[in-house]
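For this one, chain B is given, so just place chain E on it according to the hints.
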Amino acid sequence: MDTRTAHALIRFGLGRRGADPLPGDPAAWLHRQLQGPDPANFADLPATPQALSVLREQREAEKRDPNSLGRPRPVQVLFRTDAAAQLANAIDTPAPFRERLVWFWTNHFTVSLRQGGTAAVIGPFIREAIRPHVTGRFADMLLAVMRHPAMLMYLDQAGSVGPDSLAGQRQHRGLNENLARECMELHTVTPAAGYTQADVTAFARVLTGWSIELRTETPGMVFRPNAHEPGTQTVMGHEFPPGEAGGVAALMFLASYPTTHRNLAAKLVRHFVADDPPPDAVRRIEGVLRDSDGDLGAASAALIDLAQAWQPLTKLRSPQDYVIAAIRALALPDELRPDVLGVMGMLGQPLWNAPLPNGWPDRAADWAGPEELLRRADWAFGVSARAADADPVALAEANLGPLLRPATLAAMQHAGSRRDAMTLLLSSPEFMRR
Amino acid sequence: MRLTRRAALLGLTAAWSLGGPLGRASLALAAAPTDKRFVVVILRGALDGMAAVVPYGDPGLATWRAELIPGAPGTEDGMLDLGGFYGLHPGLAGLHTLYAAGELLPVHAVAGSYRSRSHFEAQDYLESGADHRMTSGWLNRVVSVLPVGEAGHSPGGPALAVGMAMPLLLRGPATVGSWAPQNFGTPAPDLYARLASLNEADPITGPAIREGLRERGFSTEVLSNTTVDPKQRYAFPSLAAAAGRMLAAADGPRIAALEIGGWDTHAGQAKRLNFPLQQLSTGLLALRVGLGDAWRSTAVLVMTEFGRTVRVNGTNGTDHGTGTIAFVLGGAVAGGRVMANWPGLAQANLFEDRDLQPTLDLRAVAKGLLAQHLGLPPPALARVFPDSDAASPARGLIRA
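Protein chains in written order, with our numbering: chain B, 1 to 434; chain E, 1 to 400.
Chain B with its partners taken away, still in its complex shape (with noise of 0.2 Å):
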């Protein structure tokens, strides 16, 4: 393996898996990935309107009885199964880097479960509004998202009236600006646009209306006239006319603006190249965004042609990244694979569960802490019992090729075992990185 490959599967994917064929030409191999649909198959998933029916009829259960459904109840076991399959998906694919950029949007986009009660349509969420839309337009990405029930509930959108609308007036309720606010600030122009609070109310009176609608067959986003808030709405200088069409023009005038490019610009190379942005690679890139109109899949070219692309690794894995790549280079097969789901918790990353909606971070200190870090150590240990037959240094350098520091090798032929070997192995600083 030269150095290279080894970059392409490490810093642009998920790791080595086994001993899989390494790419001939790695930079071709990676734009290959971003031609075509996404490889990823969910057949078997349910879609949003299956989901938010199991989320209907559990609520309308346990309102007839709390007591009535077992544990796990049906919207956890709709969770875990679509986490368990979008998981496995990551330690199996064949097209690693296509991967990563469906965690980047996903994460870019976060819908967590610590509100809004969204664990049954986070999955949707992202086989719907984000996997489709890794290789094409941003504001098609950001259409899905922002009428996707997940992010209507995530971020309390459902809820908001036009304080003008007739809903309004007969229920004397109100704005929620939550979901104007934070795609604004995170998903779109940033603070850097220089909006003020004006713009993010009137933001916030043009998305009036976007809620769900959960008693019907087909359960979903529904556009409620009589909760929209009347009238031209001016935001950030520009006029949106009233109805949902309004909130479509607004969030492609959101897309387009010159911040939003450079903020994603900023967020793709921070993820793939290096913590502190180089300014003309964002540069580069925020320039391929302009000039495609929001071009996801040549934004996502454009990294791999980075010169900074190539240079040695300096990103810290995070705890998910950590644990897929690990996984995938012990090659572990599906009776002896850990329990991802909580191993990701352990190690300070609970799937789908960020804090915030800023989502993960992705510096590594944020990464870094002191019993994080000994907790990947402990983990290490633990699921290299799992890999009791493998050879350890053969396994490093299929895994590593010149990555592996002579210092680890060594390291590693002195272990007193294979365990030990391979916890080496897992806890050393290029194993680490990405």
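No wet-lab data here; the hints were simulated from the structure. A quick note: this is a predicted structure, and the numbers were derived from the prediction, not measured. Mixed in with the good hints there might be a few duds.
Partner residues aside, some chain E positions facing chain B, computed with beta carbon under 7 Å [claimed, not checked]:
1. Leu191
2. Arg194
3. Leu195
4. Asp202
5. Ile204
6. Glu211
7. Ala250
Here chain E is said to cover these stretches of chain B; the calculated rule only asks that three of the stretch's residues, wherever they fall, bring their Cβ under 8 Å from a Cβ of chain E [claimed, not checked]:
8. 63-72
9. 372-385
10. 405-412
11. 423-433
Computed beta-carbon distance windows for the label pairs [said to hold, decoys possible]:
12. B/Glu62 <-> E/Ala100: 20 to 30 Å
13. B/Asn358 <-> E/Gly396: 45 to 55 Å
14. E/Gly396 <-> B/Asp92: 56 to 66 Å
For each residue, glycine too, the CB sits at the ideal point set by N, CA and C.
Chain E in isolation, oriented as in the chain B frame:
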């Protein structure tokens, strides 16, 4: 299907926590013969009962151990009041919420029937339920006197030891399962030392791992000392949470035992107790969370092998003593009060002029729980605790 107990339960846990392709192993445990849950937590190392539940209303207390008394109730980081005479150690703040909910019943000045001050003997006796070591533990005998469930025993049995080892408490003729998280084992100190050295020069992982080991109480010297056992210090809350989830399952076990160490506070007690007390408190709340609705039909007995000296020793710690605290807690428990026949701390009242005088036999507490919570009749109680006629079941432990 014949699985080893541990493997079976590992599979079970994996299936619960994930389901689907990543955890397709599964196991159905047979119906248990009761819907009541009973959990025993062993505090190994002898908890100072008067540090955990401080009899601050006793005028003698400050004469013996002023330096070990936390701040008064109502002060910052002070005790949490338990009715005007006793105060809960601030490290047990989580338990105070249970007290307020009427679900925590501290039982003070309690001791087993033995008078050993050896940890290892006393733990054997505590778990045997006698004043000598038996070949089975009293909780195992509880399992054998419970009626068998409709579908018979599951491979794991209706009881479960949570942790790496099977404690004597649960050993015996009745089949009992044991469960430990897949990652329960931790590297030996020497392996920690080697992986620390591997990371030493790294600007990110090097300092973090060094600090992590320091925080975990490893100094450079003890890295090569194999007696340090970090799992004892780190695992309890997650074990308790897992135990709760397993006990809550409709087809899961009904009886479980856990343990947590760190109580042998011979030096610097005030500081050293904070961590294990917080772990205990956090873990018991995690147990409750794991149990969910089943908490309502749960009783937990937290017990330790003996108490510690009333006087502070020369290193601001306490030495092995006699009378101590036990905790009874759970949704089924008639708590919100302290149960004690308080012996007083006047010198004449101390046991052998050094220890808290025990006024209640721990077996009476256990028997009271078994009778009122699990419905064991007197002959069954006599099998569980042989020769315990003198310790008649304590009354009023369980809500009517």
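Outcome of the hint check:
1. Leu191: holds, 5 Å
2. Arg194: holds, 6 Å
3. Leu195: Where the cut-off is 7 Å and the nearest Cβ of chain B is about 4 Å from E/Leu195, the hint holds.
4. Asp202: Holds, about 4 Å.
5. Ile204: holds, 5 Å
6. Glu211: holds, 4 Å
7. Ala250: holds, 6 Å
8. 63-72: holds (count 4)
9. 372-385: holds (count 10)
10. 405-412: Per the Cβ count (3), the hint holds.
11. 423-433: holds (count 6)
12. B/Glu62 <-> E/Ala100: 20 to 30 Å: holds, 27 Å
13. B/Asn358 <-> E/Gly396: 45 to 55 Å: holds, 52 Å
14. E/Gly396 <-> B/Asp92: 56 to 66 Å: Between E/Gly396 and B/Asp92, where Cβ atoms are some 58 Å apart, the hint holds.
The structure is consistent with each of the numbered hints, conforming to all of them.
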